[in-house]
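Visitor: Residue-level listing of the chains:
Number of protein chains: 4
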Amino acid sequence: MATLRIKFLATSIQMQMHLLVFLPESIARPNANGSSRLKVLWLLHDQGGDCSDWTRLSMVEHDAQRADIALVMPDMAHSMYMNMAHGGYPYFTYLSEDLPRHLRNLVQVLSDRREDNFVAGVGAGGYGALKWMLRSPQMFAACASLSGDVDRVAALQHKQAAGTLTDDWIAAFGDTTRLAGSPDDNLQLARQRAATGEAPAPAIHLAFSRHDESCQRDAQAARNLQQLGFVVREHEEATRLGWPYWSERIGDFIAKTVAAER
Amino acid sequence: MATLRIKFLATSIQMQMHLLVFLPESIARPNANGSSRLKVLWLLHDQGGDCSDWTRLSMVEHDAQRADIALVMPDMAHSMYMNMAHGGYPYFTYLSEDLPRHLRNLVQVLSDRREDNFVAGVGAGGYGALKWMLRSPQMFAACASLSGDVDRVAALQHKQAAGTLTDDWIAAFGDTTRLAGSPDDNLQLARQRAATGEAPAPAIHLAFSRHDESCQRDAQAARNLQQLGFVVREHEEATRLGWPYWSERIGDFIAKTVAAER
Amino acid sequence: MATLRIKFLATSIQMQMHLLVFLPESIARPNANGSSRLKVLWLLHDQGGDCSDWTRLSMVEHDAQRADIALVMPDMAHSMYMNMAHGGYPYFTYLSEDLPRHLRNLVQVLSDRREDNFVAGVGAGGYGALKWMLRSPQMFAACASLSGDVDRVAALQHKQAAGTLTDDWIAAFGDTTRLAGSPDDNLQLARQRAATGEAPAPAIHLAFSRHDESCQRDAQAARNLQQLGFVVREHEEATRLGWPYWSERIGDFIAKTVAAER
Amino acid sequence: MATLRIKFLATSIQMQMHLLVFLPESIARPNANGSSRLKVLWLLHDQGGDCSDWTRLSMVEHDAQRADIALVMPDMAHSMYMNMAHGGYPYFTYLSEDLPRHLRNLVQVLSDRREDNFVAGVGAGGYGALKWMLRSPQMFAACASLSGDVDRVAALQHKQAAGTLTDDWIAAFGDTTRLAGSPDDNLQLARQRAATGEAPAPAIHLAFSRHDESCQRDAQAARNLQQLGFVVREHEEATRLGWPYWSERIGDFIAKTVAAER
Numbered sequence: 132m133a134t135l136r137i138k139f140l141a142t143s144i145q146m147q148m149h150l151l152v153f154l155p156e157s158i159a160r161p162n163a164n165g166s167s168r169l170k171v172l173w174l175l176h177d178q179g180g181d182c183s184d185w186t187r188l189s190m191v192e193h194d195a196q197r198a199d200i201a202l203v204m205p206d207m208a209h210s211m212y213m214n215m216a217h218g219g220y221p222y223f224t225y226l227s228e229d230l231p232r233h234l235r236n237l238v239q240v241l242s243d244r245r246e247d248n249f250v251a252g253v254g255a256g257g258y259g260a261l262k263w264m265l266r267s268p269q270m271f272a273a274c275a276s277l278s279g280d281v282d283r284v285a286a287l288q289h290k291q292a293a294g295t296l297t298d299d300w301i302a303a304f305g306d307t308t309r310l311a312g313s314p315d316d317n318l319q320l321a322r323q324r325a326a327t328g329e330a331p332a333p334a335i336h337l338a339f340s341r342h343d344e345s346c347q348r349d350a351q352a353a354r355n356l357q358q359l360g361f362v363v364r365e366h367e368e369a370t371r372l373g374w375p376y377w378s379e380r381i382g383d384f385i386a387k388t389v390a391a392e393r
Numbered sequence: 132m133a134t135l136r137i138k139f140l141a142t143s144i145q146m147q148m149h150l151l152v153f154l155p156e157s158i159a160r161p162n163a164n165g166s167s168r169l170k171v172l173w174l175l176h177d178q179g180g181d182c183s184d185w186t187r188l189s190m191v192e193h194d195a196q197r198a199d200i201a202l203v204m205p206d207m208a209h210s211m212y213m214n215m216a217h218g219g220y221p222y223f224t225y226l227s228e229d230l231p232r233h234l235r236n237l238v239q240v241l242s243d244r245r246e247d248n249f250v251a252g253v254g255a256g257g258y259g260a261l262k263w264m265l266r267s268p269q270m271f272a273a274c275a276s277l278s279g280d281v282d283r284v285a286a287l288q289h290k291q292a293a294g295t296l297t298d299d300w301i302a303a304f305g306d307t308t309r310l311a312g313s314p315d316d317n318l319q320l321a322r323q324r325a326a327t328g329e330a331p332a333p334a335i336h337l338a339f340s341r342h343d344e345s346c347q348r349d350a351q352a353a354r355n356l357q358q359l360g361f362v363v364r365e366h367e368e369a370t371r372l373g374w375p376y377w378s379e380r381i382g383d384f385i386a387k388t389v390a391a392e393r
Numbered sequence: 132m133a134t135l136r137i138k139f140l141a142t143s144i145q146m147q148m149h150l151l152v153f154l155p156e157s158i159a160r161p162n163a164n165g166s167s168r169l170k171v172l173w174l175l176h177d178q179g180g181d182c183s184d185w186t187r188l189s190m191v192e193h194d195a196q197r198a199d200i201a202l203v204m205p206d207m208a209h210s211m212y213m214n215m216a217h218g219g220y221p222y223f224t225y226l227s228e229d230l231p232r233h234l235r236n237l238v239q240v241l242s243d244r245r246e247d248n249f250v251a252g253v254g255a256g257g258y259g260a261l262k263w264m265l266r267s268p269q270m271f272a273a274c275a276s277l278s279g280d281v282d283r284v285a286a287l288q289h290k291q292a293a294g295t296l297t298d299d300w301i302a303a304f305g306d307t308t309r310l311a312g313s314p315d316d317n318l319q320l321a322r323q324r325a326a327t328g329e330a331p332a333p334a335i336h337l338a339f340s341r342h343d344e345s346c347q348r349d350a351q352a353a354r355n356l357q358q359l360g361f362v363v364r365e366h367e368e369a370t371r372l373g374w375p376y377w378s379e380r381i382g383d384f385i386a387k388t389v390a391a392e393r
Numbered sequence: 132m133a134t135l136r137i138k139f140l141a142t143s144i145q146m147q148m149h150l151l152v153f154l155p156e157s158i159a160r161p162n163a164n165g166s167s168r169l170k171v172l173w174l175l176h177d178q179g180g181d182c183s184d185w186t187r188l189s190m191v192e193h194d195a196q197r198a199d200i201a202l203v204m205p206d207m208a209h210s211m212y213m214n215m216a217h218g219g220y221p222y223f224t225y226l227s228e229d230l231p232r233h234l235r236n237l238v239q240v241l242s243d244r245r246e247d248n249f250v251a252g253v254g255a256g257g258y259g260a261l262k263w264m265l266r267s268p269q270m271f272a273a274c275a276s277l278s279g280d281v282d283r284v285a286a287l288q289h290k291q292a293a294g295t296l297t298d299d300w301i302a303a304f305g306d307t308t309r310l311a312g313s314p315d316d317n318l319q320l321a322r323q324r325a326a327t328g329e330a331p332a333p334a335i336h337l338a339f340s341r342h343d344e345s346c347q348r349d350a351q352a353a354r355n356l357q358q359l360g361f362v363v364r365e366h367e368e369a370t371r372l373g374w375p376y377w378s379e380r381i382g383d384f385i386a387k388t389v390a391a392e393r
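Residue numbers (this note's numbering), protein chains in the order written: chain A, 132 to 393; chain B, 132 to 393; chain C, 132 to 393; chain D, 132 to 393.
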């Protein structure tokens with residue numbers, strides 16, 4: 132078992148970026164040929180949080196230990212998983228290009244095979260997880276979005292109409308004109324993916340609570356993705372919300388999907 | 132002796148902000164009345180760095196231990212010590228208002244008397260140190276700027292003319308029109324301060340190397356500040372540059388100014 | 132909300148000791164007179180673990196946030212919560228004397244009133260929690276031991292008989308001759324406490340799983356403590372074990388005991 | 132550039148051990164064949180310190196960046212670089228066997244060639260650095276001991292005679308009877324090494340200050356090692372002591388030996 136707290140100068144973004152890596156006990160075992168690699172779950176935090184959220188607020192390290200998988204938890208600051216509309220910081224490029232390349236160069240026990248890689252996130256991280264998988268379908272075997280408000284075009288429109296649009300949303304997304312139809316619009320990405328005629332991306336797990344403000348938008352997004360031909364595994368929670376719910380959901384994703392795959 | 136790594140939710144900026152605090156050995160000594168407090172040096176990092184730079188790259192912790200003073204090293208991300216022109220994050224408000232109040236509420240051994248508080252920084256942190264002192268002259272007994280390029284109006288004009296203006300400068304400062312004459316223009320702050328007729332702010336320590344790109348601008352700023360009536364202690368270095376130079380300079384500031392005051 | 136990672140030179144043990152402190156969101160609220168203090172739960176890790184175990188492996192930070200209490204999680208290395216029989220390191224003296232004094236000197240928002248302080252631990256930390264409370268009944272309103280194997284005399288005898296006594300136990304406890312009847316023998320401490328005729332110590336919460344190797348010893352210890360007049364709240368778990376069980380138990384202790392008290 | 136804070140369960144010692152790794156900027160550069168590896172300086176802290184001492188108290192990270200080498204800084208607690216005489220913790224086995232194997236398995240950019248590996252330490256870490264090199268001469272190209280009091284048999288005898296033998300020395304070394312002539316006696320290791328008739332181990336750098344209590348013992352050890360045929364590079368400092376001296380010495384070792392080798 133090992134935990135690594137890594138800080139490195141990311142060339143794409145010219146900032147020092149932080150991440151946490153959890154490696155299960157099996158890395159300490161002698162290995163005949165040195166070639167076996169660990170399955171990896173990339174775990175994305177919500178806006179307002181940081182790379183330590185998942186380990187501090189859920190049982191995911193315990194679940195990962197039991198399932199013998201690695202966790203990679205990047206710090207994405209207040210980026211909303213965007214190349215910022217204002218301020219010029221290409222956070223998503225860092226996440227999807229810099230980070231996997233540098234991390235695998237650094238830590239050799241992580242598998243880079245598609246069937247061994249999974250991505251999940253909570254809140255803005257759930258939006259980012261789906262986006263990353265739709266943009267890089269060759270990289271992930273499955274993705275999970277927890278209370279992700281994955282259709283950020285609809286979310287932005289709602290906030291504009293309700294007068295609740297905050298500075299961090301504007302800094303990240305700009306306005307709906309800019310976002311809709313762009314490579315940061317998950318439904319647009321899904322339509323493009325469906326139109327290729329290739330085998331659709333792997334199952335999309337969407338979990339949300341009826342107490343989430345974004346509940347109905349996520350339910351609608353689930354229907355839209357299904358109509359496009361995606362396999363959507365939906366979990367709608369009636370009573371619970373927040374970390375107790377998300378902790379249970381990530382445990383379920385690890386046990387039934389991440390550990391089961393292969 | 133103690134070191135504290137603190138993360139707290141800053142209300143001004145609605146983000147979790149990090150800082151490092153170093154406390155010297157004297158805090159472990161029993162204290163008759165519990166009322167004695169430590170002198171504090173607030174230490175600001177450069178753009179591209181973080182709150183760990185000063186301890187990792189200089190001998191400042193050793194110097195602070197010997198001088199029996201506390202160090203407070205906030206993380207200011209890529210803010211350039213600005214309330215960002217783009218993106219809406221009021222980093223400077225966090226630094227100058229939230230941070231002192233919350234930290235002193237949390238850690239009671241830090242003195243809040245003016246004669247016990249000092250601020251210094253390197254690069255963008257040197258610009259920030261002078262700005263903070265000029266805006267809050269009742270808070271600090273002295274400030275030091277190391278290779279600080281303290282006249283950011285001149286710096287911005289230079290970068291625009293030279294075609295070297297980067298996104299992080301635009302995100303922080305906007306353009307010269309916005310910056311010049313604003314409360315983020317150190318020379319304007321100095322003129323306002325001089326015009327009050329009150330006793331001028333305490334001595335301003337400016338150190339820079341002839342190898343700094345900003346060398347001539349800092350030399351000019353020193354002359355301008357002197358003409359306004361400020362006591363400027365200037366150190367111009369002919370041969371060295373970077374951390375070996377800055378480490379020596381901060382050691383000198385601690386030994387001759389911070390430790391000597393009272 | 133704030134988290135502090137503190138390292139300080141402990142005078143009792145002449146080592147730099149680590150601890151984690153969690154403070155809930157209420158510390159950020161302005162406070163009329165500055166006098167209100169937070170309830171504190173002191174949380175002790177198991178042998179082989181460290182001060183980060185509780186936040187990483189359970190939901191306790193989430194529970195503490197909801198209940199508006201502080202958590203203090205000291206690092207006790209491989210001490211078994213003993214002044215080591217071999218090697219001369221007085222870890223328990225550090226925990227019970229140095230730590231509270233220094234921490235309260237440093238972080239002023241922690242209440243030092245008995246009715247606001249609670250101690251809990253898992254494994255060796257559960258043994259340590261009960262010992263600390265029995266030795267310092269004026270300090271804590273309640274204690275909880277999770278799978279604590281609290282009667283270490285019986286545990287040591289069992290290990291000697293079974294031939295499973297390991298070096299770390301010998302280094303910490305020496306042998307049964309040394310331990311039995313000493314101030315590290317919880318049942319002896321309980322008998323002494325009962326014999327004073329003073330009001331007995333507050334309720335002792337003992338939780339253990341039938342899957343714990345120490346299950347029957349903890350059940351017996353519960354009966355012994357009850358016979359001595361202590362109020363023992365026992366929770367015996369039939370099916371679960373490990374962190375999912377402990378996480379639920381600490382959440383229950385926080386919700387029903389720590390938050391309820393006053 | 133990257134820094135890694137690693138915690139892993141060390142099988143030899145059955146404890147979670149910490150270390151810091153610094154990697155210079157070159158790791159971010161694209162590499163044609165991926166095969167080039169970094170030179171490594173293993174840096175050992177003094178008794179009473181921890182793995183963060185070198186980065187916090189010296190300029191070594193700056194020096195390593197300039198010389199383009201990696202630093203590995205393990206945490207050795209209060210072990211004195213011994214398999215403890217009392218308490219049963221095999222810290223030196225962890226350092227010399229577990230750590231290199233696990234770390235190179237984890238972080239692939241570190242060279243494992245002899246000419247690329249160097250070891251240095253301060254105080255007890257200086258003793259440990261020489262011991263590690265004498266026990267594993269196939270692993271290191273050079274070693275440096277700073278104020279290392281490298282002949283711990285002489286040191287122990289002195290402390291016994293002077294009545295200044297402290298618990299931590301007894302816990303680590305036991306008594307002189309146990310230590311003299313054992314594999315923890317550096318001069319005995321040197322005699323054995325010399326007797327093999329093989330090429331002697333590489334140059335031993337010994338630096339000490341006349342202000343060190345152990346000054347004369349280190350000077351005597353230097354003479355003894357030279358008589359055994361070792362190349363000893365000695366640096367005796369007349370005026371300075373402590374971290375300013377050690378920081379300068381490690382910078383010199385990096386610039387003239389680590390960077391020069393090949």
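Accuracy of the hints is not assured; some may be wrong.
Since the list can't tell identical chains apart, any single copy or any two copies may satisfy a pair.
[What the hints assert, rightly or not] Distance condition first, Cα-Cα at most 25 Å in a straight line; then the derived DMTMM-like pairs of lysine to aspartate or glutamate:
#1 Lys387 with Asp298
#2 Lys138 with Glu156
#3 Lys138 with Glu365
#4 Lys138 with Glu246
#5 Lys290 with Asp229
#6 Lys387 with Asp199
#7 Lys290 with Glu329
#8 Lys138 with Asp206
#9 Lys138 with Asp243
#10 Lys387 with Glu228
#11 Lys290 with Glu344
#12 Lys138 with Glu368
#13 Lys138 with Asp306
#14 Lys138 with Asp298
#15 Lys290 with Asp306
#16 Lys387 with Glu156
#17 Lys138 with Glu367
#18 Lys387 with Asp306
#19 Lys138 with Glu329
#20 Lys387 with Asp243
#21 Lys290 with Asp243
#22 Lys387 with Glu344
Worth flagging that the hints you see were computed from the coordinates, not collected in a lab.
Quick caveat, the model's predicted, so the values are computed rather than measured.
Visitor: If a hint holds in the structure, say so; if it does not, say that too.
Guide: Each hint tested on the structure:
no.	hint	in the structure
1	Lys387 with Asp298	neither (39 Å within a copy, 40 Å between copies)
2	Lys138 with Glu156	both (23 Å within a copy, 12 Å between copies)
3	Lys138 with Glu365	neither (35 Å within a copy, 35 Å between copies)
4	Lys138 with Glu246	neither (27 Å within a copy, 28 Å between copies)
5	Lys290 with Asp229	neither (32 Å within a copy, 28 Å between copies)
6	Lys387 with Asp199	within (13 Å within a copy, 35 Å between copies)
7	Lys290 with Glu329	neither (35 Å within a copy, 49 Å between copies)
8	Lys138 with Asp206	both (10 Å within a copy, 14 Å between copies)
9	Lys138 with Asp243	both (21 Å within a copy, 23 Å between copies)
10	Lys387 with Glu228	neither (28 Å within a copy, 38 Å between copies)
11	Lys290 with Glu344	within (11 Å within a copy, 45 Å between copies)
12	Lys138 with Glu368	neither (37 Å within a copy, 32 Å between copies)
13	Lys138 with Asp306	neither (32 Å within a copy, 31 Å between copies)
14	Lys138 with Asp298	between (28 Å within a copy, 22 Å between copies)
15	Lys290 with Asp306	within (11 Å within a copy, 30 Å between copies)
16	Lys387 with Glu156	within (20 Å within a copy, 35 Å between copies)
17	Lys138 with Glu367	neither (37 Å within a copy, 33 Å between copies)
18	Lys387 with Asp306	neither (38 Å within a copy, 47 Å between copies)
19	Lys138 with Glu329	neither (38 Å within a copy, 43 Å between copies)
20	Lys387 with Asp243	within (21 Å within a copy, 40 Å between copies)
21	Lys290 with Asp243	neither (38 Å within a copy, 42 Å between copies)
22	Lys387 with Glu344	neither (28 Å within a copy, 30 Å between copies)
Figure legend: structure checked against the earlier numbered hints; hints not met, in rising order: 1, 3, 4, 5, 7, 10, 12, 13, 17, 18, 19, 21, 22.
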